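Engineer: Protein chains in written order, with my numbering: chain E, 5 to 428; chain D, 247 to 513; chain P, -3 to 302.
The reader is advised that the hints may include incorrect statements.
Straight-line Cα separation of at most 25 Å, DSS-like style, residue types lysine-lysine; simulated pairs [unchecked claim]:
#1 D:Lys319 x D:Lys256
#2 D:Lys420 x D:Lys320
#3 E:Lys59 x E:Lys318
#4 D:Lys320 x D:Lys266
#5 E:Lys312 x P:Lys222
#6 D:Lys266 x D:Lys256
#7 D:Lys320 x P:Lys289
#8 P:Lys222 x E:Lys318
#9 D:Lys399 x E:Lys404
#10 D:Lys319 x P:Lys289
#11 D:Lys256 x D:Lys420
#12 D:Lys319 x D:Lys250
#13 D:Lys266 x D:Lys319
#14 D:Lys436 x D:Lys399
#15 D:Lys420 x D:Lys250
Quick caveat, the hints were computed from the structure, so don't treat them as lab data. All figures in this text were calculated on a predicted structure; none of them were measured in a lab.
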Amino acid sequence: MSAGDRRTRSLAERVTELRPNPLVAAVRSAWPFVIAIVIAFVLQAVVAPAMSPFKAKMLLDIGIAIVLASSLNIVNGMAGQFSIGHAGFMMIGGYAAAVVTYYGSIKLLGVPLGVDVPVIGGFMGSGDLLFLASCIVGGIFAAVAGLVVGLPSLRLRGDYLAIVTLGFGEILRVLVQQTPEVPSPKEAAEAGLGTMMSHLGGALSFTGTPTYVSPTPWLENASGEQTGHAGIFFTYLIVGILLVLIYRLKTANQGRRLLAVRENEIAAEACGVNTSRTKVTAFVLAAFFAGVGGALFAHELGATLSPKELGFMKSIDLVIMVVLGGMGSITGVVCAAAFLTVLPELLRTLAPMITNLIGVSVNPDAYRMPLYALALILVMILRPQGLFGIRELWDLRWWKRYVTPAWTKIAGGWLIPRAPKDRP
Amino acid sequence: MTAKIALEAKQLSLAFGGLKAVSDFSLRVPERGLCGLIGPNGAGKTTIFNLLTGVYQPDHGEIWLGGTRLDGKKPSAIALAGLARTFQNIRLFGELSVIDNVRTACGVRARSGLVRSFLRTPLFLAEERAMIERSYDLLDVLGIAHRADEQAKSLPYGDQRRLEIARALATEPKVLLLDEPVAGMNTQEKHEMRSLIVSLRERFDVGILLIEHDMGLVMEICEEITVLDHGVTIASGNAAGIQENPAVIEAYLGAPEPDEPPSQGPT
Amino acid sequence: MTTLVQTLVDTIALGSLYALTALGYTLVYGVLRFINFAHSDIFTVGAWVAWSFCGLFGWLGTGSPIFAMPIILVLAMATCAALGILIELLAYRPLRRAPRLNVLITAIGVSLLLQNCGQLDWVFGRQGQPMPALVEDRSLFMLAGVNIRLVDITIVLLAGALMVALERLVYGSKVGRAMRAVSFDERVASLMGINVNRIVSITFGIGSALAAAGGLLFALKYSNIKQPADTTWVLLGLRAFVAAVVGGIGNVRGAVAGALLIAFVEQFGAAYLSANMRDLFVFVVLIVVLLVKPSGLFGKAVVEKV
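Isolated chain E, as found in the complex (with noise of 0.2 Å):
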């Protein structure tokens, strides 16, 4: 018998016949993020105006919620590297997005702030570019600062990783806290560089970012002029872009080499995985993201940017939805960032039904931590891999059992997501 006809060929033997046409390609790459521009519009010109202002408001929570737990999930959930000090990254992202948009719109676009900021050249226009660019910014701060916390990943892990992420967090804190205060838009319009990037407010809050991210209504008045924000729209197209590219990762060969990190480091490096290569990029992956989420908290209405709030608590409550999502999955995290955050509020609503349940009066926020808590050690013991585990929801059996023969006969095979590891 001859060799030839026996051999099992190698992968670059395969990859030249497989090449697809390049504009079928290009048009499967793009139209998820198409759908995501078209959804994100939707919300904010449709849906939003619906809603009255706290339900936008919660809205808008969730979307930042899922971009940040989502990011998260990259570094604890793929790549299995425990960080809890996550929400240094977003504050690191949010200083500097406020920077650049406060001093860039008194310095470049000369709008002297105040209380109420205007919008600046309506929809898209020169101040919606310069916080979109404020966003890049404080992702591009925050993974420069992801790969220092990622270089101690090569050398510790598990307990230590963790205790080092958290001190990475408690350092950024009392650095902030010592700057001296945001000088008033008028010192603004006269501050140079050093000012610019040292005075950041300390203890209390980085006061005077322009409001960007609000629930305000769009598009208001009679003549179509914009009157208010489109923070929707901007919220949800960067959850969209995030959640297209988290799932394009885990569906890829470089998440799955993040995955193999996380199950089995040893097999992992034996199987040709640099293992340190995989652990730093996930970091700077992960804190990119945190520093977009971070962008998107320093420009919402109502979130103040302090380093009080963006302390270990912050980093602790992203880890509860990364883990009781499932770690590793992304529909998972994202039902648990926008159930965890909706729950103060079904708590508070509930509260009097319990009250009149047990005839003693609770107050439903005191109550909110220990349940999370209680939830959180629960989860551990009882599901490890959290709620999903490291499926996604279309993997679940009673997603297969109900809903997909439903979609099927609305839609018939349209969207319904397929695991391209089919046998051809």
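Mind docking chains D and P on chain E? Use the hints.
Structural biologist: Showing chains D and P alone in chain E's frame:
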């Protein structure tokens, strides 16, 4: 017939503190050769695998794979150079599916990085497709394709060993190191594994180095056998020569029944 | 000179407190190989339980009897020991064979639970409270212009006594030998007839009792108790924790040395460099130690077997 040498270890030594784990160990695996490494428990066999694959660095000596020098490299770089291994105490990516275990290892030969993954370029799509194809082919060869979508940790023991071999082969190695591939298997399974190991050489163009406690298996299939005791090579040669070598007989006499598989390590 | 002596006194007093807490981290790590994040909250509970018992006996005002201190100390230590054992039983024991990450997350959960339950109105409430002076607040003698307070001396003596007692227990008793055996190899220890669960419970009990003593002494030194979820507690716990890690977690003497080192860095950094940045110094020490010698100054490196 003289084949070209694929893997060569020259005078490797390693000490843990004062304890000499391996001294002056040399070995050659020819291209498509099938070599065995045997010795009583604690003779340093797995330590040698760890040296070859870069988990430990040798104090002295050199390791060559074709024209590449391996000692001093990281394990991942060594895998990339073309030396793959399995583990005695099975190390799978437990939460991942069987096919994903193999795909991860296939991915070592892929060229797409993070940006291509995000943008899903034609090259990325072709590579992902090719990885799936190749992974299924590998699972077919190992006879576990019907379990492709199961979680790796839920596989029965024998199939876990097969998956480890499939994963190692997925990295497209020139030489494959198998650490006790039939440990804990029954006669039927051992028999299947034996013909499988022999067939791998042709199908994948690889040389194989085997650690095994099952003397029968080693004597039957290995062309070259090295016997190790206390980190020292006490004999090497073909099966017939080894069986008559007095040093080998002496090393094994005190050992508890060398024909029996050793007690399982931590499971 | 005055500053130097004052700082030195504070370093020793605080170092002793950190040591008491750090010992708990180290003991638990020794037997179970995980960092009990909830340990610092036991410290908090210790202070609050002490305060609650004072209230129960009507010693909240000034002029409590001289025997109040030992009674409160024993009660606080016993309560916290029971709490520690209970936590181990309910939260950690079901996870004995689970991956370490799960145990770590559970520990964070327990920590959050203690903090937030402590804040409930019917537990300790959301208000800080003044701690009654169970140890009379007077100066014993002057040293280079610095008042040496009775409370500081009490802290150092009591902490020292507890540490000596622990040392005797770990290295000189049957229970201690069993603890060391479990620490060395749990499986072999259980084969040798050691009841591992009992030893783990005892370890948690001892660690928690020491933390309670630390909490009480801390409250006495600063004569007030912050509300249970206050960041002061978190940071305090972190410092003790850093002390244990820096000293080499799992190593009893290392924990004491680490505690003194951390107290030194913190107090001298605060006195001579910047009072606001004391935590910065502590964490910088931590990160440097972990990066240079991840097993801590006195710890042994653990290598995973391939």
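Engineer: Taking only the CA atoms, is the gap from Lys222 (chain P) to Lys318 (chain E) under or equal to 25 Å?
Structural biologist: Given that 25 Å is the threshold and the Cα spacing comes to 21 Å, the pair holds.
Engineer: Lys320 (chain D) and Lys266 (chain D) were given as a pair; does the straight-line alpha-carbon distance stay at or below 25 Å?
Structural biologist: Cα-Cα ~23 Å, so holds.
Engineer: Is the straight-line distance between the alpha-carbon of Lys312 (chain E) and that of Lys222 (chain P) 25 Å or less?
Structural biologist: Judged against 25 Å, a Cα distance of about 17 Å means the pair holds.
Engineer: Lys319 (chain D) and Lys256 (chain D) were given as a pair; does the straight-line alpha-carbon distance stay at or below 25 Å?
Structural biologist: Status holds; Cα separation ~16 Å.
Engineer: For Lys420 (chain D) and Lys320 (chain D), compute the direct alpha-carbon distance and say whether it is at most 25 Å.
Structural biologist: With Cα atoms ~17 Å apart, Lys420 (chain D) and Lys320 (chain D) stay inside 25 Å; holds.
Engineer: Holds or violated: are the alpha carbons of Lys266 (chain D) and Lys319 (chain D) at most 25 Å from each other?
Structural biologist: holds (22 Å)
Engineer: Could you grab the alpha-carbon distance between Lys59 (chain E) and Lys318 (chain E) and see if it respects the 25 Å cut-off?
Structural biologist: holds (22 Å)
Engineer: Do the alpha carbons of Lys436 (chain D) and Lys399 (chain D) lie within 25 Å of each other, as the hint requires?
Structural biologist: holds (21 Å)
Engineer: Is the Cα-Cα distance between Lys319 (chain D) and Lys250 (chain D) 25 Å or less?
Structural biologist: holds (23 Å)
Engineer: Would the hint linking Lys319 (chain D) and Lys289 (chain P) be met if the CA-CA limit is 25 Å?
Structural biologist: holds (23 Å)
Engineer: Given the hint that Lys266 (chain D) pairs with Lys256 (chain D), does the C-alpha gap stay at or below 25 Å?
Structural biologist: Measuring from Cα to Cα gives roughly 17 Å; hence the hint holds.
Engineer: For the pair supplied as a hint, Lys420 (chain D) and Lys250 (chain D), is the alpha-carbon distance within the 25 Å limit?
Structural biologist: OK: Lys420 (chain D) and Lys250 (chain D) at ~12 Å, within 25 Å.
Hint compliance for this structure: every hint is met.
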